[in-house]
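**Student:** Protein chains in written order, with this note's numbering: chain A, 4 to 250; chain B, 4 to 250; chain C, 4 to 250; chain D, 4 to 250.
Keep in mind that the hints were calculated from the coordinates and are not lab data. Some hints here could point you the wrong way.
The list treats identical chains as interchangeable, and a pair is accepted whether it falls inside one copy or across any two copies.
Stated by the list, open to error - For lysine to any residue, the following SDA-like pairs were computed, each having C-alpha atoms within a straight-line distance of at most 25 Å:
#1 Lys182 / Leu45
#2 Lys240 / Tyr15
#3 Lys240 / Ser57
#4 Lys150 / Arg26
#5 Lys240 / Leu37
#6 Lys83 / Glu18
#7 Lys150 / Gly210
There are 4 protein chains.
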Amino acid sequence: MNRTTYIERIRYVVERRDSWQGRTFDDFVFGMILLSLFTFTLRTIPGLSGQTQSFLHWVEVITVVLFTFEYCLRCFVALKRSKYVFSFFGIIDLLAILPFYLMLFGFGYIDGLILRVVRVLRIFRIIRLFRYNQAVDRLQRAVVIVKEEIIMFAVLSLILIYLAAAGIWYFESAVQPDKFGSVLDGLWWAVVTLTTVGYGDTYPVTGGGRIFTFLLLMIGIGVIAIPPGIIASALSKARAEQDREQS
Amino acid sequence: MNRTTYIERIRYVVERRDSWQGRTFDDFVFGMILLSLFTFTLRTIPGLSGQTQSFLHWVEVITVVLFTFEYCLRCFVALKRSKYVFSFFGIIDLLAILPFYLMLFGFGYIDGLILRVVRVLRIFRIIRLFRYNQAVDRLQRAVVIVKEEIIMFAVLSLILIYLAAAGIWYFESAVQPDKFGSVLDGLWWAVVTLTTVGYGDTYPVTGGGRIFTFLLLMIGIGVIAIPPGIIASALSKARAEQDREQS
Amino acid sequence: MNRTTYIERIRYVVERRDSWQGRTFDDFVFGMILLSLFTFTLRTIPGLSGQTQSFLHWVEVITVVLFTFEYCLRCFVALKRSKYVFSFFGIIDLLAILPFYLMLFGFGYIDGLILRVVRVLRIFRIIRLFRYNQAVDRLQRAVVIVKEEIIMFAVLSLILIYLAAAGIWYFESAVQPDKFGSVLDGLWWAVVTLTTVGYGDTYPVTGGGRIFTFLLLMIGIGVIAIPPGIIASALSKARAEQDREQS
Amino acid sequence: MNRTTYIERIRYVVERRDSWQGRTFDDFVFGMILLSLFTFTLRTIPGLSGQTQSFLHWVEVITVVLFTFEYCLRCFVALKRSKYVFSFFGIIDLLAILPFYLMLFGFGYIDGLILRVVRVLRIFRIIRLFRYNQAVDRLQRAVVIVKEEIIMFAVLSLILIYLAAAGIWYFESAVQPDKFGSVLDGLWWAVVTLTTVGYGDTYPVTGGGRIFTFLLLMIGIGVIAIPPGIIASALSKARAEQDREQS
């Protein structure tokens, strides 16, 4: 068996799920991603004992070493190396291991803020889970069908949020200067209200502000709630298309 | 009339709704379930008088005795006894009466926590109401049609919730260490925000956290709100299929 | 012109909108309903001056006199008197004027509570607005198409709300006995949470309660949000049916 | 090249996007609108330094001068001047520049309130962005298809909000006179609750009020959530119509 055949066999395991070896490799990487996310989450809990921190640190070291090995393997077996390295998942794979090595070689200790930034970058590992999900292609198809409508409603939403922010600032700034001091505060209120989250940290108290909120919600709820319905009906259309193609 | 015919006649009453006897039996059991749920609810109210507690206790004893009789009857008339006992509703029927007998024979008094666990188990009786609902099969059909989409959106939701949790922890942990101390706190915030419940117990106060919340909601509301639309359109498809089959 | 023709002519004006007289009659009654609702609303504002109260009282007297005249007219011109009197709108028309006469003859002064009950009954006048809306029939058609699904989801919602109430009571009652004292308190929390209103008056604080809320919302939001989608798609089906019938 | 040809050439640039000059003109105006909205937002932040205020003021002067030039240009090249001046966007264009000149000539200094009113009017510039969005026509088409349903649900929503307001006032006014003093307060609660925003500033505390809220939400959530679904399905119908026309 020559070298090329050997590489091809590894590529078959690493890049595809057709064999039991391929599925095992995939599932192992998948488990490692979940484990690394789990340790990332636990390490943010304040007041952990030194022993626990040390244990979580070593779990992280092991996952990063395995991710590094996997990254090198994928580079090695890729038909075109540069294509993998600069692909979406190639970059994500690198970002998932880079922070560890940056900290190892002292770059992370420059500044507490940078340390935290690079630690957060690690959660991008979660995006790699998508590699294992074929159904995403179907969603992409649906999004393409209704791309124009989604852009239109996104623009409409932004305009509505801005108008809402300026309006509520006009009505409430005099009475609640600490909560609606500027249109920027109004923007926060507009986002929280039009998405119907409604934390209750800021809300109108004047009669004018309340009537304005009423009129805004009568129109606004619709604008925000229509896009999910559009995508849902596009997904059923995408399924119909797929069925037609396959039959 | 021999014994087999006699059992068959009881089975006809217990398991089917074709005769008025069967419907009466079903409706009586249904009423008993509602009564037992009602007494369970009332007994949790603190500060009840001894007389009321005693009365509710005896109502419960009666319902449990009747449920026990019903359970034995169903075991007795079942074509294959083991099939009923290990079926979903067979287990539920047993769980609905078991806590009472465990407490009667002293097992419930071991620990206050166990007592409460077994009391809560009783509410599973409510699931038995489903036995009387034929339309559930239609929903199951719709769920099968769009199973893949639902799994995809469930996975997308989980990823989004995790990214949201890590993001808000990054932005808010320095300013609100008591509310966003770890990514676990962020997860609670992410669930409450992306479902648009918005209790208002935790919310971002920094500029970065608010902009992050805005971007998150623009994408997230859609991801959470699409699945109901998918199931709704699948239900209308399931009805069309059913109509075609029946005609 | 004999008496019958005279009654028929009035009936044509009172019951239909084909002539300009009929439309004027309808619009006048419509305006009176809005006026009476407006005065009802204003009279609930505490601290009104005696003059204002007196003015609002006289506006109410005039509207009630006109409604009484209208009620008598409808009785008089109805083809079958008893059919109108015992019809839905006949009862509403009577309920809209009855409280005034009950209070006039002293019955309202028996008790402050009764007074308030009968005053609130007046708002049922608003339901009379539906008489003027033809499109409601279309909605009724859509509701008939998906009646079974709506009942199923209503039942599912009730079961889910009850399970949620019992679950949250189990997790939170020990830590927050004042807010989750009984399953009844849990029911209020379940309604506010599953409808995504989320006032923030009660919310889980324990880890178990939060994980339970997360799992509940993942399933529950769907159950609550599906029925509107079902009715929306049924309405488009109802329109298609109507178009087919008319062409 | 005579005068008419010259005007026609400018009109081609100003009113259409067919040439690169037209697109550049459009994009430049678009950028100016965004810049003026940005400065409007920043100027509302309290406690800005004199230097920053002065800088933002001059940016505003420049944008207004450019908008004035654009307005004159559009008047000049319009085929029928009066048609542009009294068109929707003609009025908006004038309203976007008028406040500045009113203030310049001292009218804005009459009263602080008027000053704020005219400043808020400037945000109507944002509506001009719609001129550049072709997909809006598609939404208008969908809205026309389901106009009747939307009006019906708007009327239903208003009736429901009023009934909710009167109901909650009846149940809560005695216990919470400061929060549910009149039906007007009830209206605010009804809007915030039925749209599921749920700020948490007012909520029922009595048993009767909570049961009323539960029944209201079971019906009300549906009424409010159906219109977005109707428009979503109408949009997919509008697209199908458009495709049929184009093929």
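**Student:** Now look at each hint and say whether the structure bears it out.
**Tutor:** The hints, checked one at a time:
For a Cα distance limit of 25 Å, the shortest separation of lysine 182 from leucine 45 across copies, 16 Å, qualifies, whereas the shortest one inside one copy, 35 Å, does not. Proximity of lysine 240 and tyrosine 15 under a CA criterion of 25 Å is satisfied in neither setting, with 34 Å inside one chain copy and 40 Å between copies. For the homomeric pair lysine 240 and serine 57, neither the shortest alpha-carbon distance inside one copy (52 Å) nor that between copies (55 Å) is at most 25 Å. Proximity of lysine 150 and arginine 26 under a CA criterion of 25 Å is satisfied inter-copy only: 22 Å between copies versus 34 Å inside one chain copy.
In the homo-oligomer, the alpha carbons of lysine 240 and leucine 37 never lie at most 25 Å apart, since the shortest distance is 34 Å inside one protomer and 37 Å across protomers. In this homomeric assembly, lysine 83 and glutamate 18 come within 25 Å of each other (Cα to Cα) only inside a single copy, at 13 Å, whereas the closest approach across copies is 49 Å. Proximity of lysine 150 and glycine 210 under a CA criterion of 25 Å is satisfied in neither setting, with 40 Å inside one chain copy and 30 Å between copies.
Checked against the numbered hints above, the structure breaks hints 2, 3, 5 and 7 and satisfies the rest.
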